[in-house]
Amino acid sequence: MRKLVVFVFLCIAVIFSFKEAFFKKDNVQNSFMLCNIEALAADNESSGRWNCHFTGSVDCPISSVKVKYVYGGYSLE
Amino acid sequence: MSTEATVLNSSISLLFLLCFFSCSTKQKEYGENVLLYSEFPQEKELKGEIIELDTAIFRYPFRIRVDGDKAIVMDLHNEDYYGHLFHYPDFKYLSSFGRRGDSPTEILSMENVRIQNSKVWTLDANKNELTRLGFSSSDDSLFRDETVTLDEDILRPLDFAIYNDSTFIIPDYSGESRLCWVDRHGHALRKMGTIPSSNEEALQHARPALAQAWRSFLDYNPHSGILAAVTQLGEVLEIYNLKDSTHVVRIGKSEEPEFKVADGYGLPTGIMGFSDVQVTDNAIYAVFHGTSFKEIAKQQGRLPDGGKYIYVFTLKGEPLCKYVLDHYINGIWVDEKSKTIMATDVNSDQPIVRFSFG
Chain A
-2 MRKLVVFVFL
8 CIAVIFSFKE
18 AFFKKDNVQN
28 SFMLCNIEAL
38 AADNESSGRW
48 NCHFTGSVDC
58 PISSVKVKYV
68 YGGYSLE
Chain B
147 MSTEATVLNS
157 SISLLFLLCF
167 FSCSTKQKEY
177 GENVLLYSEF
187 PQEKELKGEI
197 IELDTAIFRY
207 PFRIRVDGDK
217 AIVMDLHNED
227 YYGHLFHYPD
237 FKYLSSFGRR
247 GDSPTEILSM
257 ENVRIQNSKV
267 WTLDANKNEL
277 TRLGFSSSDD
287 SLFRDETVTL
297 DEDILRPLDF
307 AIYNDSTFII
317 PDYSGESRLC
327 WVDRHGHALR
337 KMGTIPSSNE
347 EALQHARPAL
357 AQAWRSFLDY
367 NPHSGILAAV
377 TQLGEVLEIY
387 NLKDSTHVVR
397 IGKSEEPEFK
407 VADGYGLPTG
417 IMGFSDVQVT
427 DNAIYAVFHG
437 TSFKEIAKQQ
447 GRLPDGGKYI
457 YVFTLKGEPL
467 CKYVLDHYIN
477 GIWVDEKSKT
487 IMATDVNSDQ
497 PIVRFSFG
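Each protein sequence line maps, in turn, to chains A and B. Reminder that position 8 of the first sequence reads as 5 in this note's numbering, one-by-one numbering, no gaps. So the mapping is simple: this note's numbering equals the position in the second sequence, first residue as 1, plus 146.
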């Protein structure tokens, strides 16, 4: 009986892990870190935790200007 | 069969059942007024005709409005003036207005421009002001008539529609509601609606961030009483019929806006969605992009800015036609009588493009 309970518990754990992995969104922050480590150019705004880049129509939260994109910044801490 | 064996068999069956449900497509819970769309019954290619301008004054021409023999192009990023007046349809330059600056008669930003009864209204989100301008006697210049300072509790007004002579509609950026009715003195009259998101967690705990992610562009047609809102992220069109108080939500293949919360802000992920919408007497036209922010960031600004698609819906939100363009555009002005669409292309030194349809 004990083995059965352990078996059922493990099955449920596997199912939830599978579901979490299946629906997990891409880690956008890591992708952006890799692509944009040198992209801290003149025309960007930064809070240290995220950056607003280029000229566009997306509202930048820190500077209230419109930018092309905003992404989570790379912390050196 | 022993009890243990029976229980084991039942567990295995339950296991398969759970696997089946966990493997199934993630179902989002939407209300009855939320309808999904994926295809359009018609798809047509439109070729743009570039309108040659005799002046180079734009940095980011985002909006275009036409009224009679006047056209106004709004620049989102100009160093000097945000608005430019032209004679229509030849686009002979007349003058500029909306000087950028800190003084009381200057503006810090311009989110949108609208023409009503020969008067021009502009919205400055950074000053929290609506400004009304009138034409000069020679009809070739615009001068400031009136400034309406919006209440402080109207957070970051990023767009506006004119409901009637005394009322404006502004998206509610606080997330508490969807839309805010504002009077001519800038006072909030009432708030209406909720963000039709299936993201229960954000609705409960991160409404301001959700409101930022659901930032929408508006247009209102007083003849039909239809107010349309399209999301800048994702692919959502909302239709409010203000005459019969119905509300329909249309969600496309790119689904609702995606974002992540950082420092209480909603940072865009997912895709760039719509950039403009116009409600005519017969249909709703919306410019759609569909480019992912991941790709935009990867290309470090090298991708063309704008959308290559104009989606056309009925006034009830049923897909009618998808226009595929040969230019990337942001703003449109649709004239159904002449079957032309004027558009702005920020990627070109000659940014005004005319499309013929129908």
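I should point out that these hints are in silico values taken from the structure, not numbers from a laboratory. Beta carbons are placed, not taken as given, at the ideal position from N, Cα and C, and that holds for glycine. It cannot be assumed that every hint is accurate.
Stated by the list, open to error - Label pairs and their calculated CB-CB ranges:
1. D409(B) to L1(A): 27 to 35 Å
2. V3(A) to K444(B): 43 to 51 Å
3. A10(A) to E441(B): 35 to 43 Å
Said to hold, decoys possible - Only some residues are given here: those of chain B computed to face chain A with a beta carbon under 7 Å:
4. A202
5. Y206
6. Y227
7. L413
8. P414
9. T437
10. S438
11. F439
12. I442
13. G447
Hint-by-hint comparison with the structure:
1. Between D409(B) and L1(A) the C-beta distance comes to about 48 Å, which lies outside the given range of 27 to 35 Å.
2. Judged by the Cβ atoms, the range 43 to 51 Å given for V3(A) and K444(B) holds: they are separated by roughly 46 Å.
3. Taking the beta carbon of each, A10(A) and E441(B) are about 36 Å apart, inside 35 to 43 Å as hinted.
4. Nearest Cβ of chain A to the Cβ of A202(B): about 17 Å, over the 7 Å cut. The hint is violated.
5. Satisfaction of the interface hint for Y206(B) is found here, the shortest Cβ-Cβ separation to chain A being roughly 6 Å, below the 7 Å cut-off.
6. At its closest, the beta carbon of Y227(B) sits 16 Å from a beta carbon of chain A; the interface hint therefore is violated under the 7 Å criterion.
7. The criterion of a C-beta within 7 Å of any C-beta in chain A is met by L413(B), whose closest approach is roughly 5 Å, and the hint holds.
8. Checking P414(B) against chain A by beta carbon gives a least distance of about 6 Å; that is within 7 Å, so the hint holds.
9. Residue-level restraint check for T437(B) is violated (minimum Cβ-Cβ distance to chain A is 10 Å; threshold 7 Å).
10. A least Cβ separation of about 10 Å between S438(B) and chain A goes past the 7 Å threshold, and the interface hint is therefore violated.
11. Given hint, F439(B) at the interface with chain A, holds; its Cβ is 5 Å from that chain's nearest Cβ, closer than 7 Å.
12. Among the interface hints, the one on I442(B) holds; its C-beta lies about 5 Å from the nearest C-beta in chain A, closer than the 7 Å criterion.
13. For G447(B), the suggested interface contact is upheld, since its CB lies about 4 Å from the closest CB of chain A, less than 7 Å.
The structure fails to meet hints 1, 4, 6, 9 and 10 from the earlier list, while all remaining hints are met.
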